[in-house]
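Visitor: Which chain is which? The protein sequence lines are A and B, in order. Residues in the first sequence are numbered from 1 upward in steps of one, following the numbering used here. Residues in the second sequence are numbered from 1 upward in steps of one, following the numbering used here.
To be clear, the hints were calculated from the coordinates, so they are not data collected in a lab. Mixed in with the good hints there might be a few duds.
[Claimed, not checked] Label pairs and their computed distance ranges (CB to CB): (1) A:PRO326 - B:SER127: 18 to 28 Å; (2) B:ARG103 - A:HIS34: 32 to 42 Å; (3) B:PRO209 - A:THR269: 50 to 60 Å; (4) B:ALA80 - A:GLU271: 49 to 59 Å; (5) A:THR15 - B:LYS302: 43 to 53 Å.
[What the hints assert, rightly or not] Here are some chain B residues the structure puts well away from chain A; computed CB gaps all over 12 Å: (6) THR48; (7) PRO252; (8) GLU260; (9) GLU272.
Cβ coordinates follow ideal geometry from the N, Cα and C atoms, glycine included.
Protein chains: 2
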Amino acid sequence: MTITQNQQSPATIATAPDFAAIRSAHARIRPHIHRTPVFTSESLDAMTGAHLFFKCENLQKTGSFKFRGATNAVFSLTDAEAKLGVVTQSSGNHAGAIALAARRRGIPAWIVMPSTAPRAKRQAVESYGGRVTECEHNVASRDAACKALQEKTGAVLIHPYNNPHVIAGQGTAALELLEDVPDLDIIVTPVSGGGLLSGTSIAAKTMRPQIRVVGAEPKNADDAYRSLASCKIEPAAKTETIADGLRATLCPLTFSILREHVDEIALVTEEEILAAMRILWERLKLIVEPSGTVSAAIAIHKKFAVEGKRIGIILSGGNLDLDQIPFARATQ
Amino acid sequence: MTITQNQQSPATIATAPDFAAIRSAHARIRPHIHRTPVFTSESLDAMTGAHLFFKCENLQKTGSFKFRGATNAVFSLTDAEAKLGVVTQSSGNHAGAIALAARRRGIPAWIVMPSTAPRAKRQAVESYGGRVTECEHNVASRDAACKALQEKTGAVLIHPYNNPHVIAGQGTAALELLEDVPDLDIIVTPVSGGGLLSGTSIAAKTMRPQIRVVGAEPKNADDAYRSLASCKIEPAAKTETIADGLRATLCPLTFSILREHVDEIALVTEEEILAAMRILWERLKLIVEPSGTVSAAIAIHKKFAVEGKRIGIILSGGNLDLDQIPFARATQ
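Just chain A, with the same shape it has in the complex:
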């Protein structure tokens, strides 16, 4: 078995999707996903002076927006491509998303996860029927494990963001948000590898050309900020952040999309992420994970002019280990 099949797959042609691809993705995945609600909060509006519209992808199946892109990629495969299954590497939400998408298509999913991955995320993958292969916590070990699995099984690799079908799927969250709230001034998503922000920016700039597209990133993992500033992909220097889903770096595909469509990357500190997370839990009564909170944190902490603005905020996920809630004091 070789991996040429994978290289021929439409799922790996590195061309940016257009808005038509996002519309197609939406039609393809709609039977499988939740159309997540958009929440508002009088108290958060009062706190910020803005009008905030929270797109609740923490309420998406598998607990994050990743299920959109994973489902679009898995269901875009031909039957011949799909029958041998899919493989991916992820320590987090993409893993669970691929596992469930594959199960819904009735094909196997092999998930390469570092042995350091949170217990809760590994359990989630297995509960969706994913077959976990452990690797060491470094790129070489991860890539070797993926390649070995592909060669052994013939499964198609579905990269977490270097994949136009994944990006198109992620763009459907912004599409729904702008269908529900057409007159947004600004839309904000977290940025890590850039899949969500890429899809969001393509959808938003097509549906509402005057909209401002903002990426939110932890100051402690600011490679997207530095990359757009220097006009070349900068490596992650330090990634000690509580937002553990935001430690990836851009790839050439997402970098090129972000350069074209994104107006600004805004940064928040660890303390600001934690404070925002607590506010969301207390005020919205929603479990949002630290990575999913970063987009709200830049609005709550007014990292740009928010006064009077209508701001769409994608809360990207809600998966975290409830034994390790960062602001909780134990009572038992």
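Dock chain B against chain A, hints included.
Guide: Relative to chain A, chain B alone:
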């Protein structure tokens, strides 16, 4: 100033509301409340073998269903009654609900709270403009403080559940749930003083006579269970429960409604409440407080025959102190 005005108020005539009163309440409060969403979960359905429909009153304004009854009571007052304000006693969600309802009507609200009330709940009351008076943690002190405030201010007392307008307002949650999911077999709410269960039972048995109405109560605060079994109001014997909103006892009004309309009171242990709360947080990504979880706990732990049944579950509230999450281990 005397309190005769209060005794003449229609808000304190102890007659059970009928379904027409619940319909009227809904029309009256609709501009003020959230129509809360109804969530489903494939994983929880798989876990229980039932079809569960969660009415998310934790997402209601002020974080609990109590805002429905409070708003109906406050907006049912005549201008003459309302102008001197309202007073109530509550250590919890009714307090915040009355404070916000009064602010929306533009009248003062005096809230008598025990000095032992959770910090978060007192802060919430004050953030809604409520004027807090502390009392000792016993009935005599509480009633004396309420009476003194009424005499001093002329404010109308709005009891948390011994009030037909409050009960009619609480019934609007079930009304909405049955509008959204008409073919329920069973509907479950927590029971404490019995306001929510009373309103729910009147709405549900009118809209769907064959429905089974179940009250959910902690085994450690089982006075409603014992009262319906013995056909007289039993005092609370022990109320050491994590479900701190469920420590009240029935009044003659709610007792008579429950006897007529409720099919069963089911009990859950403290461990079952905690386990269910964790499942809701993990699977629904919703912050539900322990008291709000009890209704889900009896379905999750199959305290009656749930297999194949369509079960409406009112998640009654989401207010708790995030510094004191009962199943969290501290990480900082």
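Visitor: Each hint needs a verdict: does it hold in this structure or not?
Guide: Hint-by-hint comparison with the structure:
no.	hint	result
1	A:PRO326 - B:SER127: 18 to 28 Å	24 Å, holds
2	B:ARG103 - A:HIS34: 32 to 42 Å	34 Å, holds
3	B:PRO209 - A:THR269: 50 to 60 Å	58 Å, holds
4	B:ALA80 - A:GLU271: 49 to 59 Å	51 Å, holds
5	A:THR15 - B:LYS302: 43 to 53 Å	52 Å, holds
6	THR48	16 Å, holds
7	PRO252	34 Å, holds
8	GLU260	33 Å, holds
9	GLU272	16 Å, holds
Violated hints: none; the structure is consistent with every hint.
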